[in-house]
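Participant: If you read the protein sequences in the order shown, they are chains P, C and A.
Each residue of the first sequence is one higher than the one before, counting from 1072 in the numbering used here.
Each residue of the second sequence is one higher than the one before, counting from 1432 in the numbering used here.
Each residue of the third sequence is one higher than the one before, counting from 8 in the numbering used here.
For the record, the hints were derived by calculation from the structure and aren't laboratory data.
Beta carbons: idealized from backbone N, C-alpha and C, even for Gly.
Certain hints may be false.
Said to hold, decoys possible - What follows is a list of derived Cβ distance ranges for each label pair:
#1 A/Gly-167 - P/Ser-1198: 53 to 63 Å
#2 P/Lys-1152 - A/Val-68: 29 to 39 Å
#3 A/Pro-71 - P/Ala-1374: 37 to 47 Å
#4 C/Lys-1486 - P/Ser-1332: 22 to 32 Å
#5 A/Gly-36 - P/Lys-1084: 45 to 55 Å
#6 P/Arg-1179 - A/Glu-109: 20 to 30 Å
#7 A/Arg-297 - P/Ile-1393: 50 to 60 Å
#8 C/Gly-1470 - A/Gly-167: 52 to 62 Å
#9 P/Ser-1198 - C/Lys-1486: 52 to 62 Å
#10 P/Ser-1198 - A/Phe-161: 27 to 37 Å
Stated by the list, open to error - Pulled from the structure, derived: some chain C residues nowhere near chain A, Cβ distances all over 12 Å:
#11 Ile-1443
#12 Lys-1458
#13 His-1476
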Amino acid sequence: MKKQVESILEEIKDLNKNLVFKKKYKTLKIMEVCGTHTMAIAKHGIRQLIPASIDLISGPGCPVCVTPIREIDKIIEIIKKYDATVFTFGDMMRVPGTNSSLLAEKARGKKIKICYSPTDALDFAESNPDKKIIFLAIGFETTIPLTAVIVKRAFEKKLNNFFVYSTHKTLPQALNALLSDSCINIGGFLMPGHVSAITGSSMYEGIPQKYGIACVISGFEPENILLSIHAILRQITGNDFRVEIMYKSVVRPEGNPVAFSLIFDVFEPADSEWRGLGLILGSGLELKKKFEGFDAKKIFPVANPVSCEPPGCRCGDVIKGIIKPFDCKKFGKSCTPENPVGACMVSSEGTCAAYFKYMAGI
Amino acid sequence: MCLAIPAVVKKINRNIAEIESLGVLKKIDISLVPDVRKGDYVIVHAGFAIQVIDKEEALITEDYWKQYFTDEAGFEDNEEEYFEAGDNEDVQ
Amino acid sequence: MKDNKNNSILLSHGDGGVKTGRLISEIIGPALKNNILDRLEDSAIIPCRGAKAAFTTDSFVVSPLFFPGGDIGKLCVCGTINDLVTSGCRPAALSLSFIIEEGLDINVFKKVLESIKNTLEEAGEGIKIVTGDTKVVEKGNADKLFINTSGIGFIEDGPGISPSNIKEGDNIIINGNIADHGICILNCRQEFGFKADIKSDCAPLNSLVKDIKDAAGSGLHALRDATRGGLARVLIELSGSSKMNFDIYQDKIPIQRQTRGICEFLGMDPLYIANEGKMVVFAEEKNSIRILDAMKKNRYGKHSAIIGRVKGIKDKNRNASVTLITELGTKRVLDLHYSEQLPRIC
Ligand code: SF4
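Next comes chain P alone, as it looks inside the complex (with noise of 0.2 Å):
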């Protein structure tokens, strides 16, 4: 093991052990709001090194995860019903709608494709002007600044064959309603860190001093996430709740400005449903008016689907987490990667598909 690693691990067992020794916690629950956190937590096998009193819990942030079935129902509605491709990432194909999902309609013969970049998206509708394109755009803040620039690119070109259909979330709002629901009980918080290089720190900040909950923005390197557990257990010895970088290089308290204020450009609040959170006012994103020729939604209109979250899937309290996936019956039995069930076995990131991934026999 590297020797930086070790060291910090002493440190943490040692903070930990003092906390615990003067009960200030008999054991801690830090939230990574993150999905990639989840990834890379899982991945390294982090859980296996830091002392058993810490317990790593994931939260609402797997765009993919958070997506109700309702918005898969009405894409796959909307290439049925029009002729049109759709692009999107890779990460939006398997997730199951209520009979059917994406890669399924792709391998009927369904005009899907996955790319890389949304400008791939943009660059085929500019060099197919016969073919209708749209977009299936997902993410959070450090997703969306990307499909307002080519929002505002088809819009300057005059485009009249792209569309986009906005399934993005924002942040802030999903913390808060996580943070009001009274089951909840989180210690610290290990914070987006690429969210937050374009938003900035400001958006927690009345986090920790409303709520006593140490805030601390992390990276995606074992080190980094090691050192981030440490720095929230400094806060809570130090009774000290506040929202650190520990991802300075990249994170600024100021974010990205310039990424930042495209979102608004572009894009409008509205209220928006979270699979497992629910309606959440505020926080989804719309087209504004000025360029609602470029709204799949308003463009390709379809009935509003029959959809059903699946009988059983308990991901709204695993994104809460209030239970882990082990907890659900479903997990590993009916509810595999291969056959997902709920959205988080589908997205590589989501929790249970996380859990089953690298957690299975240990």
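Put chains C and A with the ligand on the given structure of chain P with help from the hints.
Facilitator: Same frame as chain P, but now just chains C and A with the ligand:
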């Protein structure tokens, strides 16, 4: 929630930059980081640079490290290995 | 309702993951059951008037037809030879069967044939194409060119090489960098616009296997080529069929920097990405340094490395598993969970 990797900027042409990470070259969009210069390190997400990596700030984390830990050998920045060939100018 | 989404064959049924396994064990196996097929080995061993013959078949579809490090012609010869040598036999003869899409440029076809000839020369040992067939289908009914190859070889006397011979304490060795083939093909399709110099590892491994056998004596226990589904799939399958646990050391697995680079860009796991010239070797610990040296001297084994160890199973009730020991010394169990690897942003 967002897969992003560090890379070094090799060439800039308006809003497009050629970047390199682990020896792989790729053209990306730099509209979100208008101040970026050739030779800077950036964080790349879905074909866009979303932030310029601040090397000096990275050193502050290193200080944090030194302050709390015994290992004098120093902070091994894991990102280094992404960059090493980036520093090597004969990779066209 | 639920089955609604499951009743067509998906691309993931052919990617070497769980769905491929189910297609074989639930659909094909039961339909065609017999005592040889049931073993589900890469090549079947059939008794043949006193001698023992190994017989295998494989179909090749690849787009583009030509890629750095190989082409469909080289691929079909290597794939079949490699399947044969894993059962410890000496390949003797191959068949070739072409399905050609109407409109294929004849020069392209000639180039493929030329490559087949060159690959046979590269493999040596007098391996010949002895029979073949050609079908042309209407435009749109095939993608340019598909090739099916069958191969036959003879088992030489000597210690048996089979997953059932894997023993506790064996070392696990691989002959070089993983994931190059899959990533090379992805890179060639240019959908994502990377510039990287990644060559497919496509190679006939008969000479390598010969060198391994010569160096190993009786210490060689099993061989398997790691193709679709990558190194992870082979390890998981062999762990299952040998009923042994394997420990694999993540930092020992050889991988080229650029290949890793593309994997990181797209969020893919190189352990699950296809190879076309990688042999996984199980050998007694005391012979393994000798084997490793011999492999490193072979042109297809320069980057050979010992990547893991066979552990026994203490609790007989638990399924055998493959554990990856990470760089931090933590453990995670490898799982055959993957459908097609899709690029992701999360
Ligand atoms: S294991 Fe499956 S069914 Fe259970 S909560 Fe997770 S995704 Fe839902």
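Participant: It remains to establish, for every hint, whether it holds in the given structure.
Facilitator: Checked hints:
1. A/Gly-167 - P/Ser-1198: 53 to 63 Å: holds, 58 Å
2. P/Lys-1152 - A/Val-68: 29 to 39 Å: holds, 33 Å
3. A/Pro-71 - P/Ala-1374: 37 to 47 Å: holds, 43 Å
4. C/Lys-1486 - P/Ser-1332: 22 to 32 Å: holds, 26 Å
5. A/Gly-36 - P/Lys-1084: 45 to 55 Å: holds, 51 Å
6. P/Arg-1179 - A/Glu-109: 20 to 30 Å: holds, 25 Å
7. A/Arg-297 - P/Ile-1393: 50 to 60 Å: holds, 56 Å
8. C/Gly-1470 - A/Gly-167: 52 to 62 Å: holds, 59 Å
9. P/Ser-1198 - C/Lys-1486: 52 to 62 Å: Violated - the Cβ-Cβ distance for P/Ser-1198 and C/Lys-1486, about 39 Å, lies outside 52 to 62 Å.
10. P/Ser-1198 - A/Phe-161: 27 to 37 Å: Violated - the Cβ-Cβ distance for P/Ser-1198 and A/Phe-161, about 55 Å, lies outside 27 to 37 Å.
11. Ile-1443: At about 16 Å from chain A, C/Ile-1443 clears the 12 Å cut-off, so the statement holds.
12. Lys-1458: violated, 6 Å
13. His-1476: violated, 7 Å
Checked against the numbered hints given earlier, this structure breaks hints 9, 10, 12 and 13; the rest are met.
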